[in-house]
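S.K.: Protein chains in written order, with our numbering: chain A, 377 to 436; chain B, 4 to 439.
These are calculated hints, taken from the structure and not from any lab test.
Don't take each hint at face value.
[To be verified] Lysine to any residue pairs mimicking SDA-like chemistry, simulated, CA-CA at most 25 Å apart:
#1 A/K378 <-> B/A341
#2 B/K218 <-> A/R425
#3 A/K378 <-> B/L338
#4 B/K94 <-> A/A403
#5 A/K378 <-> B/E336
#6 B/K218 <-> A/H427
#7 A/K378 <-> B/P226
#8 A/K378 <-> B/L396
#9 A/K378 <-> B/K94
#10 B/K291 <-> B/K213
#11 A/K378 <-> B/K213
#12 A/K378 <-> B/K291
#13 B/K94 <-> A/A394
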Amino acid sequence: MKFAGLLVMPAGFFLSIAAVVLFPAPAPRAAFVLCGLAVEALGLVVAVRGHMEARGETRP
Amino acid sequence: MTPIAPSTPAISEAAFALTLALLLLAPLAIAGVALINTGLGRSRSAAQSLLGNLAIVAVTAIAFALVGATLTGNLSGTPGGAAHIFHLAGKPWNWLGAGPLFLGGFAAAPPQSQLALLFEFLAVALAALIPWGSGADRLRLTAGCAIAAVLAALVFPLLAHWIWAGGWLSQLGVNFSLGAGFLDPGGAATVHILGGLSALAVVWIAGPRKGKFPKEGFATAMPGHNAVYILFGCLLALAGWLAFNVAGAVLWLQAPFAALPVTALNTLLSASAAVAATFAVTRIRFGKPDASLCANGWLAGLVASSAAAAIVAPIQALVIGLIAGVITPLLVELLELAVAIDDPSGAIAVHAAGGLWGLIAAAIFAAQAGQFLAQLIGIATLLGLVLPLVYLLFSLLNRIVPFRVDPDGERIGMDLHELGGGAYPEFVIHRDDSYR
Numbered sequence: 377m378k379f380a381g382l383l384v385m386p387a388g389f390f391l392s393i394a395a396v397v398l399f400p401a402p403a404p405r406a407a408f409v410l411c412g413l414a415v416e417a418l419g420l421v422v423a424v425r426g427h428m429e430a431r432g433e434t435r436p
Numbered sequence: 004m005t006p007i008a009p010s011t012p013a014i015s016e017a018a019f020a021l022t023l024a025l026l027l028l029a030p031l032a033i034a035g036v037a038l039i040n041t042g043l044g045r046s047r048s049a050a051q052s053l054l055g056n057l058a059i060v061a062v063t064a065i066a067f068a069l070v071g072a073t074l075t076g077n078l079s080g081t082p083g084g085a086a087h088i089f090h091l092a093g094k095p096w097n098w099l100g101a102g103p104l105f106l107g108g109f110a111a112a113p114p115q116s117q118l119a120l121l122f123e124f125l126a127v128a129l130a131a132l133i134p135w136g137s138g139a140d141r142l143r144l145t146a147g148c149a150i151a152a153v154l155a156a157l158v159f160p161l162l163a164h165w166i167w168a169g170g171w172l173s174q175l176g177v178n179f180s181l182g183a184g185f186l187d188p189g190g191a192a193t194v195h196i197l198g199g200l201s202a203l204a205v206v207w208i209a210g211p212r213k214g215k216f217p218k219e220g221f222a223t224a225m226p227g228h229n230a231v232y233i234l235f236g237c238l239l240a241l242a243g244w245l246a247f248n249v250a251g252a253v254l255w256l257q258a259p260f261a262a263l264p265v266t267a268l269n270t271l272l273s274a275s276a277a278v279a280a281t282f283a284v285t286r287i288r289f290g291k292p293d294a295s296l297c298a299n300g301w302l303a304g305l306v307a308s309s310a311a312a313a314i315v316a317p318i319q320a321l322v323i324g325l326i327a328g329v330i331t332p333l334l335v336e337l338l339e340l341a342v343a344i345d346d347p348s349g350a351i352a353v354h355a356a357g358g359l360w361g362l363i364a365a366a367i368f369a370a371q372a373g374q375f376l377a378q379l380i381g382i383a384t385l386l387g388l389v390l391p392l393v394y395l396l397f398s399l400l401n402r403i404v405p406f407r408v409d410p411d412g413e414r415i416g417m418d419l420h421e422l423g424g425g426a427y428p429e430f431v432i433h434r435d436d437s438y439r
């Protein structure tokens with residue numbers, strides 16, 4: 377699950393870059409960059425949840 | 004891909020002398036962070052921790068000299084450095100520096116390129132110390148050195164080129180009308196967020212100290228062994244940070260001399276507001292101020308100032324520090340109690356979160372149109388590209404050089420296990436309840 381989260385994060389980065397390239401107008405560009413950051417945040421949350429589950433399984 | 008050499012304005016002799024003098028003070032930041040790392044660890048790992056800090060500075064210098072400096076693109080013999088560029092959507096994307104290996108041509112490089120490289124040598128050493136503090140009490144010395152080598156040879160040069168040497172992040176303003184491009188004059192992104200995200204990767208891979216998270220009940224408190232080291236380290240760090248932030252303003256923003264006192268003042272104000280806020284928060288939370296959390300708050304204020312001190316007004320620096328000082332102790336507690344992350348130095352909260360807040364604050368307070376979006380794209384790059392990259396690299400590295408010491412080494416302490424002697428040989432080391 378941690379790896380899944382970490383794989384999602386680059387998708388958010390590429391979404392942000394695509395926004396800069398594809399949208400010259402400020403509003404849609406900003407919206408898509410924020411969407412990219414939201415995807416990254418989602419990936420981070422999944423990675424953190426994965427870490428917590430793994431820790432629960434290996435506690436002494 | 005086409006190697007090209009962009010140009011930057013030449014530096015005056017006075018600016019050269021001032022920047023060189025500042026960079027000679029910058030190692031105080033490294034000394035401060037090393038003391039904080041050591042003080043926040045246990046007494047039975049103190050010598051290994053401080054030796055590790057020294058070894059990491061040495062390894063980063065060597066790795067950066069051999070490989071990393073080339074990838075930053077500052078060694079081309081042309082101001083601004085050389086680079087590899089591809090074209091996408093009609094725009095140039097400068098993604099990697101180029102130049103001679105092994106510091107070839109350093110002596111013949113223009114003065115500003117030499118200063119830029121000196122800045123980067125010190126910056127990468129500081130960045131590599133950050134994950135070492137998070138891995139305290141269980142990270143092997145060789146693993147710490149290997150992590151430092153990877154950061155200095157591969158990851159830091161990429162970021163340094165993108166942000167400081169005419170790379171695509173710094174060119175967002177020119178190519179896409181996003182303000183002045185991504186701004187990070189003091190190294191909030193290249194040093195602190197990189198170090199903080201590396202710290203997160205290290206603690207994820209190495210795991211927590213034995214006994215930190217028992218099967219039942221709350222996390223075990225494992226306080227730092229020497230509050231004097233920690234707090235004196237904070238004072239040393241201030242001197243180093245002043246040097247980094249002012250030198251960064253000269254080198255990366257071409258700031259005029261008149262703007263430099265404000266940059267220094269903002270650094271001090273940000274740290275001061277942060278420590279005052281952390282003092283108040285811990286006083287309210289625990290009834291008494293917490294020394295190590297106050298140190299974390301002070302450092303978080305300094306880290307946030309790295310992004311914003313050269314850009315904002317003094318009152319804004321106060322606000323930035325205040326918010327950093329409130330966030331830091333709460334985040335340290337959250338990471339430990341709610342997310343089960345054992346980070347003895349609090350580096351993830353201090354350096355990663357503090358740096359991110361600094362970049363966002365710089366975006367909020369920057370007057371230029373489009374600057375906010377440029378800063379957000381920088382943040383997206385750090386979270387979406389750098390964190391997965393360092394986690395991947397460190398996971399592979401962990402297979403070659405295991406990060407974590409064996410259980411017996413952790414039980415007797417890193418000093419005895421790795422060095423054969425303790426930092427305080429005349430002290431009686433008490434038994435740890437978690438090993439009963």
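S.K.: All hints are to be evaluated individually against the structure, with a verdict given for each.
M.R.: Results of checking the hints against the structure:
1. About 17 Å separates the Cα atoms of A/K378 and B/A341, which keeps this hinted pair within 25 Å; it holds.
2. Annotation: proposed proximity of B/K218 to A/R425 holds, straight-line Cα distance about 18 Å (limit 25 Å).
3. At most 25 Å may separate the alpha-carbon atoms for a hinted pair to count; A/K378 and B/L338 meet this at roughly 16 Å.
4. For the given pair, B/K94 sits about 21 Å from A/A403 by alpha-carbon distance, which is consistent with the 25 Å threshold.
5. Between the alpha carbons of A/K378 and B/E336 the distance comes to roughly 22 Å, so the proposed pair stays at or under 25 Å and holds.
6. Restraint check for B/K218 and A/H427: satisfied, since their Cα atoms lie roughly 16 Å apart, inside the 25 Å limit.
7. The suggested pairing of A/K378 with B/P226 is violated, with an alpha-carbon distance near 29 Å, which exceeds 25 Å.
8. Under the criterion of a C-alpha separation no larger than 25 Å, the hint pairing A/K378 with B/L396 is consistent with the structure, at around 15 Å.
9. As the CA atoms of A/K378 and B/K94 are separated by approximately 35 Å, the hinted pair breaks the 25 Å bound.
10. Using a Cα cut-off of 25 Å, the hinted pair B/K291 and B/K213 is violated, with the two alpha carbons roughly 28 Å apart.
11. For the hint pairing A/K378 with B/K213, the CA-to-CA distance comes to about 22 Å; that is within 25 Å, so the pair holds.
12. Restraint check: the Cα-Cα separation between A/K378 and B/K291 comes to about 37 Å, which exceeds 25 Å; the hinted pair is violated.
13. Distance hint between B/K94 and A/A394 is fulfilled; the C-alpha atoms sit about 13 Å from each other, no more than 25 Å.
Going down the numbered hints, you'll see the structure goes against 7, 9, 10, 12, while the others check out.
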